[in-house]
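K.L.:
Chain by chain, the residues:
There are 2 protein chains.
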Amino acid sequence: MKQNIYDNPSFFNGYQAMRDNQTGLHQFVEQPAILSLLPDVTGATALDLGCGAGGLCRKLIELGSACVVGVDISRNMLALAQKDAPAGIEFRHMAMEDFTAQDNTFDLVVSSLALHYLADLETLFRRIHGWLKTPGTFLFSMEHPAFTCAQGIHPDCIEDETGAPLYWPFDCYSDEGRRESHWFVDGVVRYHHTLSTILNSLLRSSLQISAVLEPVATPAHEQKQPPLKTERRRPTLLVVKAVKL
Amino acid sequence: MKQNIYDNPSFFNGYQAMRDNQTGLHQFVEQPAILSLLPDVTGATALDLGCGAGGLCRKLIELGSACVVGVDISRNMLALAQKDAPAGIEFRHMAMEDFTAQDNTFDLVVSSLALHYLADLETLFRRIHGWLKTPGTFLFSMEHPAFTCAQGIHPDCIEDETGAPLYWPFDCYSDEGRRESHWFVDGVVRYHHTLSTILNSLLRSSLQISAVLEPVATPAHEQKQPPLKTERRRPTLLVVKAVKL
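The listed protein sequences correspond, in order, to chains A and B. Residue numbering for the first sequence follows this note's numbering, starting at 5 and increasing by one per position. Residue numbering for the second sequence follows this note's numbering, starting at 5 and increasing by one per position.
Hints are not guaranteed to be accurate.
Any copy will do: because identical chains look the same in the list, a pair fits if it lies in one copy or spans two.
SDA-like, lysine to any residue: derived pairs with alpha carbons at most 25 Å apart [to be verified]:
| id | residue 1 | residue 2 |
| --- | --- | --- |
| 1 | K228 | A105 |
| 2 | K233 | T201 |
| 3 | K233 | P173 |
| 4 | K233 | E180 |
| 5 | K228 | A70 |
| 6 | K233 | I157 |
| 7 | K137 | E94 |
| 8 | K228 | S205 |
Treat the hints as calculated values from the structure; they're not laboratory data.
Using the sequences provided together with the hints, build the complete structure.
P.N.:
Set out below in structure tokens:
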């Protein structure tokens, strides 16, 4: 069964409260990193895998994309996404691994903070390679292997006697696969993939790596949200741009 | 001043004892990973940056390379390297960052466990791109960013009450640069580079990434050297193959 945690009411409420509170990881770290690597999308046909509430789909339309297909497994998230969605976006309710398309359909495939819910990256990467036109871009963010490796195995962070972060336990790196932890609710499942698996899966899918980011916030955003400073100490996010040439 | 720790007698003795003892990281983890990514070297002209005792230079000749240039800053290591060296190897006594060559000279540039002693990778990577013929291969191993990030800042490993490894402290990841720690002697300096810096420095030097490994030992070798099992929990090594096309 594919996990659809975003349709769990307790999770959804916690997640929405986090987004409304703007803890900033998405707004100040992830989105700027994605936007910094986005190619010119004027007139582009784009696919957003795990589009959630549709923010990146809207952004792509705003930046000139001709049409965007947004795919998400959560009815809750798609209901948010469809509210006042501009023309040019088509939302599809399904797991990203069930999506199919004709070869050579998209100029751009994006995926924001969704791929760490997937056990098998390479099968999807090979499909994405097929769906992309030549040239085409695949740009994604996911949880960083240094963040996922010990999730649910050790405490996320070891604190000093004042409660400040001392360091982050690192372990079980080569043991890829399922990690279960508490995030708003118990039993949220993500999959740990090593960096070499992520990158070699792209390469084996005939995609060329063109940039890798481990983004942090700007000093100004860190002042607004001091917890973001810890991103410099242990990155949460990995952002990769790959191209079909 | 460039560090020449291998000519420090205490360090050199400790290092030689380690190599003679075959703790196995070099023999069972690093070398197999490098050899697994080596292209066909028949007739090749190769450069080995930080060649140490010349093992990889000899291996390249054994595998059919026509000539190999080995560069190392340590007279101690080069003295070992020159003992009974086969024809076809030329050793040069200098820091790898001082080496110069004509453009389009080498089919292959290798560097085994040396680049973590270098503060500025990108300048060297750009030079390597120039020295390589088209097509050409640059294959290197270096200490893994998850290993270097907290070196000299936190204990390398946190142990449980029985002395077994519990986890490895991870910290200071984005704070690139000098790390000083004890390795046979005090004050051994290495430089921490993030994974994104290592990979983007290659890409900015017009080198394409063709494989990334975070190698571990085989179960058989782990039986011979049980401490090698910890490589599965926290990798020490990163191996990257890049190509000039």
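K.L.:
Please go over all the hints and tell whether each is borne out by the structure.
P.N.:
A quick look at each hint next to the structure:
| no. | hint | in the structure |
| --- | --- | --- |
| 1 | K228 with A105 | neither (42 Å within a copy, 50 Å between copies) |
| 2 | K233 with T201 | between (28 Å within a copy, 19 Å between copies) |
| 3 | K233 with P173 | both (18 Å within a copy, 18 Å between copies) |
| 4 | K233 with E180 | between (28 Å within a copy, 15 Å between copies) |
| 5 | K228 with A70 | neither (35 Å within a copy, 60 Å between copies) |
| 6 | K233 with I157 | both (24 Å within a copy, 18 Å between copies) |
| 7 | K137 with E94 | within (19 Å within a copy, 48 Å between copies) |
| 8 | K228 with S205 | neither (37 Å within a copy, 31 Å between copies) |
Of the hints listed earlier, those the structure fails to meet are numbers 1, 5 and 8, in rising order.
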